[in-house]
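Visitor: One letter stands for each residue in the lines below.
Number of protein chains: 6
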Amino acid sequence: MFHHSSKLQYPVKVDKPDPEFAMLLQQAIGGVEGEIRVAMQYFFQAMGTRGDPRIKDLLISTATEELAHIEMLGHAVALNLEGAPLSYQEESAKDPVVNAILGGMNPRHILSSGLAAMPVNANGMSFDMSHIYASGNVAADMLANVTAEATGRVLATRLYNLTEDKGMKDFLSFLIARDTMHQQQWLAVIEDMGGIGASMPVPNSFPQSEEAQEHSYYCLNTSLDKPLPKGRWSEGPAYDGVGQFTAKEKPDILGQEPILGPARPGSGAQKEQIQPGAPLEK
Amino acid sequence: MFHHSSKLQYPVKVDKPDPEFAMLLQQAIGGVEGEIRVAMQYFFQAMGTRGDPRIKDLLISTATEELAHIEMLGHAVALNLEGAPLSYQEESAKDPVVNAILGGMNPRHILSSGLAAMPVNANGMSFDMSHIYASGNVAADMLANVTAEATGRVLATRLYNLTEDKGMKDFLSFLIARDTMHQQQWLAVIEDMGGIGASMPVPNSFPQSEEAQEHSYYCLNTSLDKPLPKGRWSEGPAYDGVGQFTAKEKPDILGQEPILGPARPGSGAQKEQIQPGAPLEK
Amino acid sequence: MFHHSSKLQYPVKVDKPDPEFAMLLQQAIGGVEGEIRVAMQYFFQAMGTRGDPRIKDLLISTATEELAHIEMLGHAVALNLEGAPLSYQEESAKDPVVNAILGGMNPRHILSSGLAAMPVNANGMSFDMSHIYASGNVAADMLANVTAEATGRVLATRLYNLTEDKGMKDFLSFLIARDTMHQQQWLAVIEDMGGIGASMPVPNSFPQSEEAQEHSYYCLNTSLDKPLPKGRWSEGPAYDGVGQFTAKEKPDILGQEPILGPARPGSGAQKEQIQPGAPLEK
Amino acid sequence: MFHHSSKLQYPVKVDKPDPEFAMLLQQAIGGVEGEIRVAMQYFFQAMGTRGDPRIKDLLISTATEELAHIEMLGHAVALNLEGAPLSYQEESAKDPVVNAILGGMNPRHILSSGLAAMPVNANGMSFDMSHIYASGNVAADMLANVTAEATGRVLATRLYNLTEDKGMKDFLSFLIARDTMHQQQWLAVIEDMGGIGASMPVPNSFPQSEEAQEHSYYCLNTSLDKPLPKGRWSEGPAYDGVGQFTAKEKPDILGQEPILGPARPGSGAQKEQIQPGAPLEK
Amino acid sequence: MFHHSSKLQYPVKVDKPDPEFAMLLQQAIGGVEGEIRVAMQYFFQAMGTRGDPRIKDLLISTATEELAHIEMLGHAVALNLEGAPLSYQEESAKDPVVNAILGGMNPRHILSSGLAAMPVNANGMSFDMSHIYASGNVAADMLANVTAEATGRVLATRLYNLTEDKGMKDFLSFLIARDTMHQQQWLAVIEDMGGIGASMPVPNSFPQSEEAQEHSYYCLNTSLDKPLPKGRWSEGPAYDGVGQFTAKEKPDILGQEPILGPARPGSGAQKEQIQPGAPLEK
Amino acid sequence: MFHHSSKLQYPVKVDKPDPEFAMLLQQAIGGVEGEIRVAMQYFFQAMGTRGDPRIKDLLISTATEELAHIEMLGHAVALNLEGAPLSYQEESAKDPVVNAILGGMNPRHILSSGLAAMPVNANGMSFDMSHIYASGNVAADMLANVTAEATGRVLATRLYNLTEDKGMKDFLSFLIARDTMHQQQWLAVIEDMGGIGASMPVPNSFPQSEEAQEHSYYCLNTSLDKPLPKGRWSEGPAYDGVGQFTAKEKPDILGQEPILGPARPGSGAQKEQIQPGAPLEK
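Chains as they are written, first to last, in full-length UniProt numbering: chain A, 1 to 282; chain B, 1 to 282; chain C, 1 to 282; chain D, 1 to 282; chain E, 1 to 282; chain F, 1 to 282.
Keep in mind that the hints were calculated from the coordinates and are not lab data.
Please note that a few of the clues may not be correct.
When chains are identical, the list treats them as one kind, so a pair holds in a single copy or across two.
Unchecked claim - Taking lysine-lysine pairs in the BS3-like style, the calculated list, with each CA pair at most 27 Å apart, reads:
id, residue 1, residue 2
1, Lys-250, Lys-226
2, Lys-250, Lys-169
3, Lys-166, Lys-13
4, Lys-230, Lys-248
5, Lys-169, Lys-13
6, Lys-226, Lys-7
7, Lys-226, Lys-248
8, Lys-230, Lys-250
9, Lys-250, Lys-7
Predicted, not measured: the structure shown is a model, and the values here were computed from it.
Starting from the given sequences, assemble the full structure and let the hints guide the process.
Guide: Quick look at the structure:
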């Protein structure tokens with residue numbers, strides 16, 4: 001069950017409203033790097049957690065915090081939209097500043113939301129839930145979560161750099177801090193499960209004897225004119241404790257040429273496809 | 001520049017065509033865990049790589065291999081569609097087996113593709129490119145890649161378990177093996193850059209002095225009736241070498257109640273919102 | 001700020017797991033009639049509320065309840081997936097019941113979520129946030145909310161009728177009851193603002209003198225061979241207290257034929273479009 | 001069967017072309033508040049109408065009018081695009097006005113449509129048909145239609161306020177007038193069916209004895225620190241003539257803690273999830 | 001302006017309702033090969049037509065006919081849904097036929113539309129308007145239209161083959177016939193403009209002297225192990241009357257290696273990307 | 001199998017970076033007229049080709065070339081983003097040029113990609129794979145390919161006209177040239193199969209005796225106030241060598257009025273729909 005309290009997790013202040021920055025902030029709400037994504041991702045992972053119940057509790061606890069982050073960002077967007085131009089007065093139409101604001105903001109902040117946040121990104125694209133990754137495999141999910149927080153923090157620092165507004169910088173410094181924790185928190189779950197090595201290869205429950213292990217540890221070069229770049233990936237022990245990385249400079253091509261049979265009558269093909277050879281050959 | 005050779009990377013054989021398995025295999029082509037995703041993700045990351053040129057080369061090399069994986073899966077789908085029913089003959093309409101096949105396969109494998117693979121997932125949803133994660137931050141990108149390969153291998157093992165076809169099992173055992181390598185390969189890039197600790201928090205170029213560090217290392221409990229589950233995430237040194245994880249059992253609520261001003265005239269609101277209080281109060 | 005407690009709002013029990021019903025239940029999670037939609041719709045409306053602060057509080061309070069409904073449904077889906085077939089054993093492949101289950105369930109409940117709920121509808125389409133209607137106009141928003149709860153209750157009763165499972169019927173009878181309340185709750189907000197008449201036409205803040213009022217009250221027939229059906233919409237006073245409904249049996253056609261000028265050079269048109277007449281005329 | 005006549009329903013004139021306003025007008029074509037939506041929504045509702053045949057006739061008649069509204073808006077967009085810059089001449093590149101126009105308009109009005117309307121909204125997102133609500137329940141559908149017309153009129157008044165162009169204001173005043181009628185027309189259908197009370201709760205054909213009626217009439221507070229706001233929704237008779245609204249200040253939490261069993265072998269989980277306890281416990 | 005008459009363009013009868021065929025028919029309504037697509041494509045092309053006004057008239061006339069085709073298909077879907085099972089009665093749950101129907105039909109035909117057509121394809125994916133191709137170039141548009149009618153007729157014949165229902169076969173034979181005409185009709189517009197040669201290369205208004213003509217007429221082989229297949233595309237005069245087709249067996253690689261500079265401070269990259277070389281080199 | 005070589009197919013140079021042009025170029029990568037579309041369309045068509053194996057080889061060969069075009073465009077976008085503003089410094093905020101750049105570029109080129117190309121169009125919408133047309137009918141596919149190259153070349157010439165940058169103009173002149181070839185190449189396949197007439201109507205394998213041939217050759221006028229425009233489409237022999245085009249000035253209306261029966265109990269309808277007449281009649 002969820003509950004709400006009336007105040008925000010952290011103060012959200014805007015010294016000087018900026019409708020263009022409102023548009024940029026939307027990326028942190030409805031972008032793939034944003035807060036709807038992590039809130040819903042942790043929520044759905046929690047609902048599907050099997051195994052250690054601590055992980056479920058940690059997921060739902062953090063999902064709940066992320067809902068509070070959406071709430072703060074929604075307020076930040078609305079505050080930045082204060083005073084946005086609602087009409088092209090004759091005077092303002094000639095005013096390059098008004099023109100620039102109208103050109104640079106998301107017009108749907110006027111047309112569709114009436115100066116409030118929307119569940120969209122900085123291009124006005126609505127968030128779609130196919131970005132919620134919840135695989136039922138806890139290691140895959142934790143990796144997805146570290147990734148989400150990493151891109152989330154990259155985004156937050158870019159937003160921080162783009163504004164000079166003291167209120168917004170303070171607010172973003174809080175979000176950045178929480179992303180610092182959340183990145184590491186999901187890594188800590190992996191450590192708690194035995195570490196990244198013990199988790200590899202994900203899923204670690206599949207018997208490796210059934211994979212084609214002769215193809216499991218070479219790094220493949222598909223370049224025709226450059227050697228494979230050398231690094232940790234081309235030598236040394238694999239992380240799963242089983243194999244040894246090697247470099248394979250050229251793919252073995254082991255398969256056949258993929259040719260399909262002629263089309264069947266009634267399949268909607270051209271008749272040339274059904275009686276192959278004859279009408280097409282020269 | 002890209003080039004092509006005519007044979008498949010690995011043999012693709014189907015002992016007994018199965019139109020329902022063709023539908024399942026589509027998840028490995030056009031699903032978010034599938035091969036279009038990794039091929040395009042590595043391609044776009046390569047085009048945006050700044051810094052160590054070895055990483056760019058590794059990305060484009062692996063992107064190219066993933067294109068070859070799409071090619072194999074496309075052939076596998078078509079082979080499984082051989083012999084699928086194209087009509088409801090009076091006899092077959094009464095045949096529960098034909099009915100089951102028609103009910104269980106993707107009908108668009110008949111209607112739209114004429115018995116061939118499509119760029120869709122197992123629900124027939126087209127792949128959309130918003131799932132290509134390429135952030136310009138190499139650590140975030142490598143984490144995204146490990147995640148993609150982890151969910152990819154989870155999917156491949158589930159497909160492996162769902163079929164009894166020897167040809168398909170052999171083919172999937174190859175894909176599983178390559179996922180084993182690719183998961184670890186991207187981790188190796190992170191090790192090569194100094195390891196996961198040195199990468200944290202992503203982006204590691206943002207001066208941590210500017211984040212609200214008093215909020216950077218506590219794991220927050222938002223539950224009203226259960227304590228925070230304890231684990232590596234609630235104690236011990238943070239991975240970034242700076243902070244120490246702690247458990248915070250209850251959120252500080254530091255912010256204000258988020259109240260917006262009245263609506264402005266001309267903003268499309270109801271008049272009750274513009275002259276607040278009066279008409280709404282009792 | 002949001003909080004969580006560990007138990008569900010209402011008991012969720014499944015007497016006999018049914019993977020096909022799991023697929024149907026997804027419509028109540030990720031369908032346009034479902035709970036993600038209302039949770040997020042009320043949340044975004046709350047963040048944009050201007051005017052009477054009671055409405056904001058009611059919205060956020062109900063948004064929070066809807067989050068708890070997602071949580072229950074997510075559990076209901078997972079319980080229904082217990083025991084779903086994970087492989088085509090030789091025996092089971094011959095078993096029509098196993099085949100029917102595999103054909104009738106969402107295959108991504110195996111392939112992508114590992115037997116857990118996903119943020120998708122009954123066709124496996126992910127929920128997309130463009131369905132969150134939050135216009136900044138409180139009357140439009142309340143109407144959208146009544147609509148969402150009406151379609152939500154229609155869906156819940158259809159699900160109720162489709163199952164014989166006692167646990168599921170009991171759970172759905174709770175959701176149906178809450179939809180009964182929520183439908184009426186948002187209507188009550190409209191009454192509280194003065195009633196549907198006072199709200200009309202939405203937005204009631206736009207000066208009706210500026211609309212083309214001679215076109216504001218006729219119900220238009222565009223049929224060539226049937227008269228306008230008569231009813232409350234074709235006679236009697238309008239609800240806004242201004243006009244009188246009438247029936248107009250045939251549209252006035254007041255406008256011009258819409259003809260565009262020739263294409264401009266450099267606009268990517270065919271040259272026949274740029275020098276019209278000559279090459280196209282016979 | 002549909003038919004067409006060559007002139008527009010109402011005159012569409014543009015005194016001074018404005019490519020930025022063309023972008024804004026797109027919201028009224030391809031936005032969720034726009035004309036494609038209502039045209040197609042009424043069309044699909046008409047095709048599914050069961051019961052009173054007058055409703056079907058009214059729906060198809062109005063669907064047909066909305067098609068004519070798309071036609072007018074399409075012409076309005078094209079007229080506003082007249083004279084848009086097609087190239088960055090050296091001179092114009094230095095001209096801030098040209099720059100502002102190119103920055104503020106939809107670039108795909110040049111790149112993709114050649115200076116004509118597209119089925120997109122003001123952010124350039126294509127309309128998707130999941131926004132067509134046609135539930136088979138006539139009361140739910142009428143509520144959806146009132147909502148669509150309410151948000152449509154909100155949008156039209158915002159567009160009206162944003163332009164100073166006399167031709168556009170006159171055209172929009174017509175659209176606003178028709179929205180005034182259409183909002184009320186669908187309400188009138190509800191009155192004709194016995195009124196909003198008789199329709200409640202939608203669907204009114206479901207036997208209320210089967211819903212958990214003890215949960216059907218309380219307005220639930222989920223806030224931890226504020227009482228439920230009081231209003232018509234928390235007291236007085238319900239609209240369905242059955243219950244009495246009450247305020248419930250705190251949710252009963254009636255359900256269990258939702259815990260899933262361990263993962264099954266072969267389900268793609270980590271082995272720690274399959275043999276829970278051992279490797280994860282400290 | 002649009003108008004409607006009450007009868008269908010052609011009789012739509014269903015001898016034996018078939019809910020699974022209802023699902024298949026949806027592809028002809030909301031699939032990319034379907035009628036919404038052509039109706040809207042011709043409509044938007046008509047609104048953007050510049051040049052020969054006959055083309056605009058032909059487009060809008062055919063758009064109007066296609067609306068009537070949606071209307072017939074919508075009725076065909078509803079008639080096929082007559083008698084679909086609405087509940088899992090204990091008896092019917094054991095009935096494999098009922099199970100097969102519920103497994104093979106679109107469940108949203110029960111859950112979301114109440115046994116009526118929806119604007120979706122055979123996978124239940126909603127039609128999205130990005131498939132409306134209207135480029136402002138009349139030759140490109142006519143080619144798009146021939147393509148749409150070709151895939152439309154392919155689809156209609158596949159549907160025809162899949163059913164044994166006399167009513168449906170008769171109805172589909174009409175749609176197939178109209179597609180026969182419409183394919184050729186748009187080709188006829190191209191002939192009317194001077195023929196396919198005169199239209200080439202589209203757009204024919206771009207001065208070919210400004211393209212890199214040394215690359216305009218060779219067919220490029222990118223295969224490493226097979227020669228370019230020979231045919232009309234590798235020899236003989238080009239259709240535009242300018243060049244001569246040739247076969248180029250191996251790409252010239254004329255460009256540079258695409259290497260980007262180091263990342264800039266403040267761009268959200270890792271510090272290793274900003275000070276390249278040092279931390280990444282071994 | 002695919003391979004890669006390290007240099008670009010053609011030189012890509014940017015004389016003066018222009019972040020706004022970077023946004024426009026995205027249309028050629030991720031727009032429906034762009035290179036991802038043709039690369040993937042030819043790839044999927046190749047995987048499904050049945051019949052003449054030369055066509056498969058030609059498709060995969062050209063698919064491979066199109067991948068190289070994506071690679072060049074990706075580099076072109078990144079080069080144009082060099083030097084884009086990353087922050088609103090106090091000074092620059094006052095600088096109208098900086099403001100214009102930030103307003104006119106895609107903000108996600110800063111926020112999401114770190115100054116690199118993305119798989120999106122000029123509106124920032126991600127490419128979605130439903131635009132890959134691969135029908136299994138080779139004539140339909142070739143027509144789709146001519147169309148794709150026609151709109152691709154229209155786009156490329158528009159981009160060419162929009163820039164004054166010498167490097168970009170040179171690069172685009174190469175893409176335009178390749179589009180010139182590719183348009184004609186796919187037409188040549190049709191000629192090779194016997195010409196457009198022999199292909200008509202697509203699919204030419206369906207026995208025309210089964211279509212309602214009395215409806216196969218008239219061009220239908222649905223206008224109420226204008227005659228059908230006359231042209232090649234209204235007279236002369238049809239291209240399929242069977243019929244003769246005629247003009248039909250008025251549709252025969254052959255069908256019934258489409259009326260559905262009353263709603264069934266348990267279908268979620270209003271009770272007025274189930275017992276029609278009574279409560280709705282006046």
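Visitor: Would you mind marking each hint as holding or not holding in the structure?
Guide: Consistency of the hints with the structure:
1. Lys-250 <-> Lys-226: both (11 Å within a copy, 19 Å between copies)
2. Lys-250 <-> Lys-169: For Lys-250 and Lys-169, only the inter-copy Cα distance (25 Å) is at most 27 Å; the intra-copy one is 51 Å.
3. Lys-166 <-> Lys-13: within (8 Å within a copy, 40 Å between copies)
4. Lys-230 <-> Lys-248: Within one copy only: 11 Å inside, 35 Å across.
5. Lys-169 <-> Lys-13: within (9 Å within a copy, 38 Å between copies)
6. Lys-226 <-> Lys-7: Result: close only across copies, 10 Å inter versus 59 Å intra.
7. Lys-226 <-> Lys-248: both (12 Å within a copy, 24 Å between copies)
8. Lys-230 <-> Lys-250: within (14 Å within a copy, 29 Å between copies)
9. Lys-250 <-> Lys-7: between (61 Å within a copy, 14 Å between copies)
Of the numbered hints stated above, none is contradicted by the structure.
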